[in-house]
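J.: The lines below spell out each chain.
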Amino acid sequence: MSHGAGGGGGVEEPNLTPLLDLVLQLVMFFMLVANFIQQDFSAEIRLPTAVSAKPITAREPTFILVNVTSQGEVVLENRTLKYEKDPAQITTIMSDQYKRIQRVEGKDRAEQATVILRADAATSFDKVYRVMKACKAAGFSKVQLRAKVGG
Amino acid sequence: MSSRKRRGNSPAVEVYIPITPMLDMTFQLLFYFVSTFNPVPVEGQISMKLPTENTGGAVLNPDPLQEKKDNYTVVIYAEGGDYKLFDLKGPSFSKESLPPDLNRLRDELNVITSKDKVSMTLEIQDNLTYAKLIQIMDYLRQAGFMELGVSGMSKER
Chain A
1 MSHGAGGGGG VEEPNLTPLL DLVLQLVMFF MLVANFIQQD FSAEIRLPTA VSAKPITARE
61 PTFILVNVTS QGEVVLENRT LKYEKDPAQI TTIMSDQYKR IQRVEGKDRA EQATVILRAD
121 AATSFDKVYR VMKACKAAGF SKVQLRAKVG G
Chain E
152 MSSRKRRGNS PAVEVYIPIT PMLDMTFQLL FYFVSTFNPV PVEGQISMKL PTENTGGAVL
212 NPDPLQEKKD NYTVVIYAEG GDYKLFDLKG PSFSKESLPP DLNRLRDELN VITSKDKVSM
272 TLEIQDNLTY AKLIQIMDYL RQAGFMELGV SGMSKER
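Protein sequence lines correspond, in order, to chains A and E. Using our numbering, read the first sequence as starting at 1 and increasing by one per residue. Using our numbering, read the second sequence as starting at 152 and increasing by one per residue.
Please note that the accuracy of each hint is not assured.
Some, not all, of what chain A presents toward chain E, calculated at C-beta under 8 Å [claimed, not checked]: (1) Phe30; (2) Pro48; (3) Ile56; (4) Ala147.
Straight-line alpha carbon distances no greater than 30 Å define the calculated DSS-like cross-link-like pairs of lysine-lysine that follow [what the hints assert, rightly or not]: (5) A/Lys107 / E/Lys240; (6) E/Lys268 / A/Lys82; (7) E/Lys266 / A/Lys148.
Restraint-style ranges between C-beta atoms, simulated for each label pair [to be verified]: (8) A/Ile56 / E/Val164: 55 to 61 Å; (9) A/Val33 / E/Ser198: 24 to 30 Å; (10) A/Glu44 / E/Ser186: 17 to 23 Å.
Simulated from the structure, these hints should not be mistaken for laboratory data. Where a beta carbon is used, it is the ideal one built from N, C-alpha and C, also for glycine.
Build out the structure end to end from the sequences listed, making use of the hints.
T.: See below:
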């Protein structure tokens, strides 16, 4: 890139390199964030708000994220499960997950594994409770209910 | 952008790398990601222990020392997804058909002075919405009842 100076009659060119660097960094940031949202969260879920919900400071070492839509569909690892179609399916999948954690990370880690439950505000209690019971039947003992932090 | 290379007596060659199309494409990508960006709200957690076979209900913030605590039950009847009536049952008092007023519920529960020595089970009718459940739990936690549990409504009711 050349910079004309003085009265030499050279071609003036703006230095675009810092601008390009900045724009590429912004693109990279938005790409990473978009990917993160896609992996972990179901966009259909509208969480309720709770003042006393503790902000998440650190992620649980071992966790499984379970989303429950307002229709009662369970979104688990990019799969949508319909309870009415096969009531035992959720327990089977959760049980497989529990066994996988036991095998890969050890028994202690499996016992401390947390199920993170993100349910839509309009979901009825029975649809949330049956997921809790399925998790318990699969061997999990800890659950986190997710809510938006606020008043 | 230009660079000059001179080898021997060969004339100077100016090499131009056109970055304008790249910049155009980058701006288009940036515009796409900015326009589709949907920031995730700050999420919080309410930790619970899942129900055991004996209790049938999930327990919130279980005491690691397993201290024996007085157990109170709040039965929540629901209609149209919202809470309709509350029943209170505990070792020292029992009240039925309380109106759907969380302040009133808190006032009734204020007779319990040692809230840290109390575990409370919410026995919930199926059609209560998750938002209302979180609202009730949030209210009780703010009132000082930190050990809460949830269970489905028993069939006798």
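J.: Of the numbered hints stated earlier in the document, which are not met by this structure?
T.: 5, 6
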